[in-house]
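Novice: One-letter residues, chain by chain:
Number of protein chains: 2
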Amino acid sequence: MEKDVRVIEVKRSIFEDNNKDADRLRAELKEKGVFLLNLMSSPGSGKTTTLLALAKALEGRVKMGVMEADIDSAVDAETMLEHGVKSIQIHTGGMCHLDADMTRQGLYEFGMDDAELIVLENVGNLVCPAEFDTGAVKNMTILSVPEGDDKPQKYPLMYETCDLLVINKMDVLPYFDFDKANVEKYARLRNPNIDILYISAKTGEGIDALADWIVKEVKNWSK
Amino acid sequence: MEKDVRVIEVKRSIFEDNNKDADRLRAELKEKGVFLLNLMSSPGSGKTTTLLALAKALEGRVKMGVMEADIDSAVDAETMLEHGVKSIQIHTGGMCHLDADMTRQGLYEFGMDDAELIVLENVGNLVCPAEFDTGAVKNMTILSVPEGDDKPQKYPLMYETCDLLVINKMDVLPYFDFDKANVEKYARLRNPNIDILYISAKTGEGIDALADWIVKEVKNWSK
Chain A
661 MEKDVRVIEV KRSIFEDNNK DADRLRAELK EKGVFLLNLM SSPGSGKTTT
711 LLALAKALEG RVKMGVMEAD IDSAVDAETM LEHGVKSIQI HTGGMCHLDA
761 DMTRQGLYEF GMDDAELIVL ENVGNLVCPA EFDTGAVKNM TILSVPEGDD
811 KPQKYPLMYE TCDLLVINKM DVLPYFDFDK ANVEKYARLR NPNIDILYIS
861 AKTGEGIDAL ADWIVKEVKN WSK
Chain B
661 MEKDVRVIEV KRSIFEDNNK DADRLRAELK EKGVFLLNLM SSPGSGKTTT
711 LLALAKALEG RVKMGVMEAD IDSAVDAETM LEHGVKSIQI HTGGMCHLDA
761 DMTRQGLYEF GMDDAELIVL ENVGNLVCPA EFDTGAVKNM TILSVPEGDD
811 KPQKYPLMYE TCDLLVINKM DVLPYFDFDK ANVEKYARLR NPNIDILYIS
861 AKTGEGIDAL ADWIVKEVKN WSK
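Chain order of the listed sequences is A and B. Note that this note's numbering numbers the first sequence so that position 124 is 784, with each residue one more than the last. Note that this note's numbering numbers the second sequence so that position 54 is 714, with each residue one more than the last.
Derived from the structure by calculation, the hints contain no laboratory data. Errors might be hidden in some of the hints.
All copies of an identical chain are treated as equivalent in the list; a pair is satisfied when it fits inside any one copy or across any two copies.
Unchecked claim - Below, a list of computed lysine-lysine pairs in the DSSO-like style, where the Cα atoms sit at most 27 Å apart:
#: 1; residue 1: 746; residue 2: 680
#: 2; residue 1: 862; residue 2: 840
#: 3; residue 1: 840; residue 2: 723
#: 4; residue 1: 862; residue 2: 845
#: 5; residue 1: 845; residue 2: 692
#: 6; residue 1: 798; residue 2: 716
#: 7; residue 1: 716; residue 2: 680
#: 8; residue 1: 876; residue 2: 723
#: 9; residue 1: 845; residue 2: 680
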């Protein structure tokens, strides 16, 4: 299967000012009417499974494509393709994050002409991806129940930079010490405006509400 | 509680060659008979809970102290102190990893004179910490069942640099799609010599075997 996946090896950015470059990329996305969503989380919080569930929920509403960014392997892009979701694999050459120009290289390769929503599945990491504006219109982070409710205390920048916090793996809540009130308190301490949704990508719980959130943002952007 | 925790703000290393500096630090540890264990994992895989279980299992066998490294907060060091484990909190100033000199600053502050085993709980991150030799005698990584069995494929360097892979949260194995054969296959593909142990820090399953592994290494080092 791996041979069917398009793998892009992106190069380190030549731009010194990533923030300015990210603004340039956002302006280009606005002009083309493409909504770029930057999805960040720890490894194993369920980014790929959530995107598969979302692709189904968005069918007939918004056309979604996915750029999978990883240090190595193409397993996520393979999974997307197997489920009929347009996808490419971005390799970061060992880097722990993507900046705006690396994201641009991915977008150009992915193709923006008939795209409506492109999700960048960033490298699984709560630290570095939060430090680099990718040029995305919105930032979303997934925190899964088994990771614990204290993550917004330990990785504050991630929660400060995100518009949406999705709590995943709600189906296993009974087996973990995870307090919804705590995570909401800690996250809103970092970012009073953050939206919070609860889902289980496995059972489908909450996926429609997540799809609604995204559709609303995509429509706002393409107005 | 926070006021009781000693928090060290470590500075970026002045040494250009971290590998050489790490060797220097290891030589110093050898001379002093101190075993430094570098513990790495994703956020939320259970590093702190595992160390608490270990502290109990090691009582009367090896004297353990912990250096907690985080971007922010002192919750992990507070937890250690509450359980009677000697501990300091290292703040990395936003950095996603520790290098050898940052580790040295922590060790000097912690005090090595009556130390036997010092565990460095690295920043929760599967990418950057694996790239920097901290000067530790051994490297250990925890992968928790909810994160999935494919992590060694996606974060190869972490598994290449570790001597021991501990699979945690075995108590929730029935609720997740996690294949022990897969994770062993993927991890050994990256590192044929890696030791693999299965534990549940919550129930105590496998903690004695983990304690045995550590005691053996500490005794070897102090010979």
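Novice: Tell me, in ascending order, the numbers of any earlier hints that this structure violates.
Specialist: 1, 3, 5, 7 and 9
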